[in-house]
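Trainee: Protein chains in written order, with the working numbering: chain A, 666 to 833; chain B, 223 to 410.
Just so you know, the hints here were simulated from the structure itself, not pulled from any lab data. Any given hint might turn out to be false.
Once the Cα atoms are required to be at most 30 Å apart in a straight line, the calculated BS3-like pairs of lysine-lysine come out as [to be verified]: (1) B:Lys293 / B:Lys310; (2) B:Lys384 / B:Lys293; (3) A:Lys789 / B:Lys275; (4) B:Lys310 / B:Lys283; (5) A:Lys789 / B:Lys283; (6) B:Lys283 / B:Lys293; (7) A:Lys674 / B:Lys290; (8) B:Lys310 / B:Lys290; (9) B:Lys290 / B:Lys384; (10) B:Lys275 / B:Lys290; (11) A:Lys789 / A:Lys674; (12) B:Lys310 / A:Lys674.
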Amino acid sequence: MSSPNPIDKLSVLIADDSETVRRLLASLLAALGAGRVFIANNGSEALTTFFRYCPDIIITDAAMAPIDGYELVDTVRSHPESPDPNVPVIMLSALSGDAHEARAAQMGVSILLSKPLVPEALYKAISEALASAERRAWLEEAALKIADPSPLPADKQPLPAGRSRMLH
Amino acid sequence: MPHSQHSPGQPPAGMQVSSGAQGVEIVQPSSIVTRKLGPGAVLPMRLDPRVLKRMERAIEKMADSYEKSLKTEIRQMLLSHDEWQAGKQEAIHAIYALAHDIRGLAGTFSRPVTGRISNALCQYLEALPHLDAADGAVVRLHVDAMFAAAMDAQEPSEEVAKATLAGLERLVGRTLEHCRPACDPARG
Chain A
666 MSSPNPIDKL SVLIADDSET VRRLLASLLA ALGAGRVFIA NNGSEALTTF FRYCPDIIIT
726 DAAMAPIDGY ELVDTVRSHP ESPDPNVPVI MLSALSGDAH EARAAQMGVS ILLSKPLVPE
786 ALYKAISEAL ASAERRAWLE EAALKIADPS PLPADKQPLP AGRSRMLH
Chain B
223 MPHSQHSPGQ PPAGMQVSSG AQGVEIVQPS SIVTRKLGPG AVLPMRLDPR VLKRMERAIE
283 KMADSYEKSL KTEIRQMLLS HDEWQAGKQE AIHAIYALAH DIRGLAGTFS RPVTGRISNA
343 LCQYLEALPH LDAADGAVVR LHVDAMFAAA MDAQEPSEEV AKATLAGLER LVGRTLEHCR
403 PACDPARG
């Protein structure tokens, strides 16, 4: 059975340089019943928090310094030690236009959410970002399988009697 | 919930691999949704009306404090405009930063007209090759319009808002015409 409020299991990282937006998002996520909310004042703090706590979802502003939202997403997606390269990312921005959308898509933003923020839109964005991340992960796995279609990997093969497998 | 690193050809933790009939391999990738929301979770999630009410109340709780902050920000824009006109070049950057903040937030707190005028100002400034090229009168008219929309308890009607925005848009269009080719009205 699904939980009546599935959000209560989510940990969410907010990255925004506006104190009002941070407070607003934290209040809305608290109202939603989000399990845990991490707050970062900019992209740099957000990356530190992401690598340390690996939140379930990221909500980030686009324009921030020293590291903006695009660079944040790029690092999350492509850093070799990223704890979750497929983490759903919602980019919240008052910016509009093709250039912004193209850059966000190129960096791997799951969902673009336009300001001003509306409660229903935030909830829908969380749902869609999760779906988008799911599709992204499935495609990645499918690509890996196509690249190396071995029927069963070595660690799934039956072990000869008397041998044990190291778990790590 | 850290993502497991895995080698190509090996399934990540949680992915089930089994051999089906006639050598067909069935792969069931690990589900991010299940991992993050728990078993049985389905997408799209449905928003419980009680949760929506709680979210709306959260916004209402912040509304008074935002209202004060909005008025302070617009007054600051007027002061910055005076400073800019008096020769302090960096003041136009402060005006843009304030306008950018307002366009992102005013609509959430029942000030959509103020937010739209602020957005129009941002789009004008973003269409310029650099902020120093901004026209003082154009910026001032936008800030005055924001002041007029935000200082009353209720914002102007949609009709007035549309007329105001259309007037500002015409003014911006004419101003940008004069600074072509450096300014590109389509850029913002």
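Trainee: Taking the hints in turn, state whether each one holds.
Mentor: Right, here's what the structure says about each hint:
1. At most 30 Å may separate the alpha-carbon atoms for a hinted pair to count; Lys293 of chain B and Lys310 of chain B meet this at roughly 23 Å.
2. The straight-line distance between the Cα atoms of Lys384 of chain B and Lys293 of chain B is roughly 22 Å, inside the 30 Å bound, and the hint therefore holds.
3. Using a Cα cut-off of 30 Å, the hinted pair Lys789 of chain A and Lys275 of chain B holds, with the two alpha carbons roughly 15 Å apart.
4. A distance of roughly 38 Å separates the Cα atoms of Lys310 of chain B and Lys283 of chain B; the hinted pair therefore is violated under the 30 Å criterion.
5. Between the alpha carbons of Lys789 of chain A and Lys283 of chain B the distance comes to roughly 22 Å, so the proposed pair stays at or under 30 Å and holds.
6. A threshold of 30 Å between alpha carbons decides the hint, and for Lys283 of chain B with Lys293 of chain B the separation of about 17 Å falls inside it, so the pair holds.
7. For the suggested pair Lys674 of chain A and Lys290 of chain B, the alpha carbons sit about 35 Å apart, so the restraint of at most 30 Å is broken.
8. Straight-line distance between C-alpha atoms of Lys310 of chain B and Lys290 of chain B comes to about 26 Å, which keeps the hinted pair within the 30 Å bound.
9. Between Lys290 of chain B and Lys384 of chain B, the direct Cα distance comes to roughly 25 Å. Compliance with the 30 Å bound is thereby established for this hinted pair.
10. A distance of roughly 24 Å separates the Cα atoms of Lys275 of chain B and Lys290 of chain B; the hinted pair therefore holds under the 30 Å criterion.
11. Pair hint Lys789 of chain A plus Lys674 of chain A holds up; C-alpha atoms about 17 Å apart against a cutoff of 30 Å.
12. For a cut-off of 30 Å, the pair hint linking Lys310 of chain B to Lys674 of chain A is broken: about 51 Å separates their Cα positions.
Violated hints, in rising order: 4, 7, 12; the structure is consistent with all others.
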